[in-house]
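Colleague: Single-letter residue listing:
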Amino acid sequence: MKKLSYFLAALVGLSMQYAMAQTPKGSVLIKNATVLTVTNGTHENTDVLVQDGIVKKIGQDIKAPNGVETIDATGKYLMPGIIDAHSHIALDVVNEATAPIVAEVRMKDVVNPYEIGIYRALAGGVTMSHAMHGSANVVGGQNATLKHRWGSTDPADIIMQDAPRTIKFALGENPTRVHGRGRGIQPRTRMGVEAILRNGFNEALQYKKAWADFNAASSQKGNTAVAPEYNERLQTLADILDGKIIIHCHSYRADEIYMLINVAKDFGIKKLVFQHTNEGFKVAPEIAEYTMGASVFADWWAYKFEVYYSTAFNAAILQKNGVITSINSDDAELIRHLYHEAAKTQRYGGMTDDEALAMITINPAKQLGVSDKVGSIEEGKQADMVIFEGHPLSSYAIPQMTFVDGVKYFDINSDEDDQRQLVSATEMVEPIYLHEETAHKCMQDTEYLFETAEALFSLNQY
Amino acid sequence: MKRLNKSFFAFLLALLPMFAMAQIDGEFVKPRSGKFLLQNATVHTITKGVLENTSVLIENGKIAQIGSSITAGDAEVIDCSGLVIYPGMIDGGTTLGLVEVNSVPETVDSREIGNFAPNMQALTAVNPNSEAVPVTRVSGVTTVLTVPQGGLFPGTAALINLVGYTPDQMYAGAKAVVMNFPSSGRRGRWDRRSDDDIKKENDKALKEANELWDNATSYYELTEKGAELEYYPEMAQLAKVISGELPLMIEVNTASDIQGALKWIEGKDAKFILSGVSEGWRVADEIAKAGIPVITGPIQALPTRQSDRYDAAYSNAGKMSKAGVKVAIRTNDQENVRNLPFHAAFAAAYGMGKEEAWKAVTITPAEIFGLADQLGSVEQGKVANLIVATKDPFETSSQVMHVFINGYRIPLSNRHIRLYQEFLERSPGLNKN
Chain A
1 MKKLSYFLAA
11 LVGLSMQYAM
21 AQTPKGSVLI
31 KNATVLTVTN
41 GTHENTDVLV
51 QDGIVKKIGQ
61 DIKAPNGVET
71 IDATGKYLMP
81 GIIDAHSHIA
91 LDVVNEATAP
101 IVAEVRMKDV
111 VNPYEIGIYR
121 ALAGGVTMSH
131 AMHGSANVVG
141 GQNATLKHRW
151 GSTDPADIIM
161 QDAPRTIKFA
171 LGENPTRVHG
181 RGRGIQPRTR
191 MGVEAILRNG
201 FNEALQYKKA
211 WADFNAASSQ
221 KGNTAVAPEY
231 NERLQTLADI
241 LDGKIIIHCH
251 SYRADEIYML
261 INVAKDFGIK
271 KLVFQHTNEG
281 FKVAPEIAEY
291 TMGASVFADW
301 WAYKFEVYYS
311 TAFNAAILQK
321 NGVITSINSD
331 DAELIRHLYH
341 EAAKTQRYGG
351 MTDDEALAMI
361 TINPAKQLGV
371 SDKVGSIEEG
381 KQADMVIFEG
391 HPLSSYAIPQ
401 MTFVDGVKYF
411 DINSDEDDQR
421 QLVSATEMVE
431 PIYLHEETAH
441 KCMQDTEYLF
451 ETAEALFSLN
461 QY
Chain B
1 MKRLNKSFFA
11 FLLALLPMFA
21 MAQIDGEFVK
31 PRSGKFLLQN
41 ATVHTITKGV
51 LENTSVLIEN
61 GKIAQIGSSI
71 TAGDAEVIDC
81 SGLVIYPGMI
91 DGGTTLGLVE
101 VNSVPETVDS
111 REIGNFAPNM
121 QALTAVNPNS
131 EAVPVTRVSG
141 VTTVLTVPQG
151 GLFPGTAALI
161 NLVGYTPDQM
171 YAGAKAVVMN
181 FPSSGRRGRW
191 DRRSDDDIKK
201 ENDKALKEAN
211 ELWDNATSYY
221 ELTEKGAELE
231 YYPEMAQLAK
241 VISGELPLMI
251 EVNTASDIQG
261 ALKWIEGKDA
271 KFILSGVSEG
281 WRVADEIAKA
291 GIPVITGPIQ
301 ALPTRQSDRY
311 DAAYSNAGKM
321 SKAGVKVAIR
331 TNDQENVRNL
341 PFHAAFAAAY
351 GMGKEEAWKA
361 VTITPAEIFG
371 LADQLGSVEQ
381 GKVANLIVAT
391 KDPFETSSQV
401 MHVFINGYRI
411 PLSNRHIRLY
421 QEFLERSPGL
431 NKN
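Just so you know, the sequences run in chain order A and B.
In this text, residue positions in the first sequence follow UniProt numbering: the first is 1, and each later residue adds one.
In this text, residue positions in the second sequence follow UniProt numbering: the first is 1, and each later residue adds one.
Here are the simulated DSS-like cross-link-like pairs (lysine-lysine), alpha carbons at most 30 Å apart as the crow flies:
no. : chain 1 : residue 1 : chain 2 : residue 2
1   : B       : Lys240    : B       : Lys263
2   : A       : Lys25     : A       : Lys76
3   : A       : Lys208    : A       : Lys366
4   : A       : Lys76     : B       : Lys319
5   : A       : Lys366    : A       : Lys244
6   : B       : Lys207    : B       : Lys263
7   : A       : Lys108    : A       : Lys366
8   : B       : Lys391    : B       : Lys62
9   : B       : Lys432    : A       : Lys320
10  : B       : Lys263    : B       : Lys326
11  : A       : Lys244    : A       : Lys209
12  : B       : Lys319    : A       : Lys408
13  : A       : Lys271    : B       : Lys432
14  : A       : Lys320    : B       : Lys391
15  : B       : Lys271    : B       : Lys289
16  : A       : Lys208    : A       : Lys265
17  : B       : Lys30     : B       : Lys391
18  : A       : Lys108    : A       : Lys244
19  : B       : Lys432    : A       : Lys265
20  : A       : Lys270    : A       : Lys208
21  : A       : Lys31     : A       : Lys381
22  : A       : Lys63     : A       : Lys31
23  : A       : Lys76     : B       : Lys354
24  : B       : Lys354    : B       : Lys326
25  : B       : Lys391    : A       : Lys76
26  : B       : Lys432    : A       : Lys270
27  : B       : Lys268    : B       : Lys207
28  : A       : Lys63     : A       : Lys408
29  : A       : Lys381    : A       : Lys408
30  : B       : Lys322    : A       : Lys76
Simulated from the structure, these hints should not be mistaken for laboratory data.
Just so you know, these numbers come straight off a predicted model, no measurement behind them.
Chain A on its own, in the form it takes in the complex (with noise of 0.2 Å):
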């Protein structure tokens, strides 16, 4: 009991610290912008007013109130902030590859402020990511979702606390390769990956009921009830059952994507979202019917044998079929331009603009479950925007500023040669890396698995 108490003060204080962080909020109103609003329509010359960030209004010759600073953004464009569904930045690190399930991970405990690469992002306009546990695992870990206010110290603060909780599931390749070739235990197989699903769910659902078994003894007038041994494990595979996670699952081919829509029909999982589904185009019937949607690459593939079968058209077939489809980057180069690979769905398979959007707005938003908060222009929502020079949809767009929560925390015109926060003391000569060799990858930090050179060099992919 007195374990009990020590373990309910430390969440009470933690929870405290979570309430006390200030994270900044900003006013400001941008002048004469075309807006993309991306949920209701285009808007020639019209004005958002910011405050508090928070949208306040969206329409003509709207005067700034006391103390607001104003922006003129005539000629330039004015879209929702862009968010990254899939990103592995602003993390210490990656894997936890040490057993096929690891659901009781969380990447909130490794969150880095400091990492230039979030800088790097709101240079390209993205104010949301979702920095997710790496796919060696059938079940990794529990993802965080950030919200890029750069310069924040206090990790909390860049992690947006009113996103709902979203776990990291991956098949094929990577988890086989890791657990079944690498550690020479199950999965090895596409068979043992369901398997190692099916066994999870199947002990969480024992676990809830022993729980439920002791809950309901333990209110008995003068019960010898002993509380079953508390696991986190489990406990949040049970919480996956009870719908308070929403799985972003690492997936390929269109079969390993059917098998996870079965398993999750099988425990009456609702809320699933695939991530890179390079196959995805050949299930998108089932898909839409029902999930959450899919994250994919705009055009990669044959970078792994999973992905040869794949097709740059991938995006425009599962939106024409009904999927909830956005785009994504998994990259650390890649996230800074999301908006060009949107813009690539209109090459492969003639979307819209608002549909290419979409993609890099509202669809994320839906997938990460903060589609009532951001995602869009709309008065009431999270003053998350970026203002484009150029069409964003063009390939010489260029974005000029980006804001968070009406805070600007990238501006073209005051841009500094080094924006580093935090430099290293010990460091010194600067390390150079030649062609994204720092690019935040899914099979991150699973090198020891594999102890030749050549193995390392395989690694370095998705």
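Dock chain B against chain A, hints included.
Modeller: Same frame as chain A, but now just chain B:
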């Protein structure tokens, strides 16, 4: 009985083509050569301005005529009203055709064993039937340099056109011996060597490069004098650089290494090209002064240092170009070489300008490879590598309508497109029947 069997067998054999035919549904469109008149387009020649309401006649694989009133004769007329014509784009550095699936070693033919292997011919290992070839060419990239990777002298790169069924049919007429200049940078986050160790290894590699160069010089001089030397194919290949027959393409990226490479080149009488050159903007004036052409990219890349501006890689090509360096653009990719126009667009937006960026994927690489009289612009007499698009092909919202390579009309199809055709409206859909 025996005879009956025999004749029955013969009868079956005779039927075989019929059965085989019966299984074929639909016609396969092949690339086809011929005489084509692309009528009434806006022609972006690159070298001779923009020509409105102009037609281009393709004959015998060449651009036979450009003008406003060409008589069609027996040519197949393709109406290009409202469309734009550009020369096919050239990617100055890829591993296209050498790598099919990057993570499957059996399909990776870009890295041979050995530090000194300039005689490894990329052209030998190019797979003309790679899925990536038709995926690439429908984007308007018609020609690529395919480059071996690996050690100090990993092999000889080859320029190929993306049409043909043998490497020789694809060969576009230029090769370059590749050198990976010894790097003083780290190879990645897992590279835990001390600064001292890096310097030691760098010095050792440079010493080796110098010895090899000296030996190749001797090899060349001796063979010139008629000496019969032992079979040494590596040295014979490097000697082609000494003789001036082939250029040496030096892959080099960090600023100090670029300076080191320029110093290394100084006083050497050969043709040189720098490739990669990620930190070229730091030493652009020095590159310009040395007069060495550059093939840089990818443009959509991270800065090399944490302290760099976010757009360091986007603006690199433009900064070098402004400093007077001759700059071509590459993707350094295999399956997504199709993104070359978008890399060029980013370079254009971040300081290079559209005109220079277009040159960087057409006439400039043609000049660097010594093929400016054949490739890289829409001019009479040049190889008919042409693209027809709805508008500026650098924009993702444009559609490429026709592609011609070596005068062949290329079918606008590949696996990506076929999968789209099959799965956009899948049948059966959601239900079993």
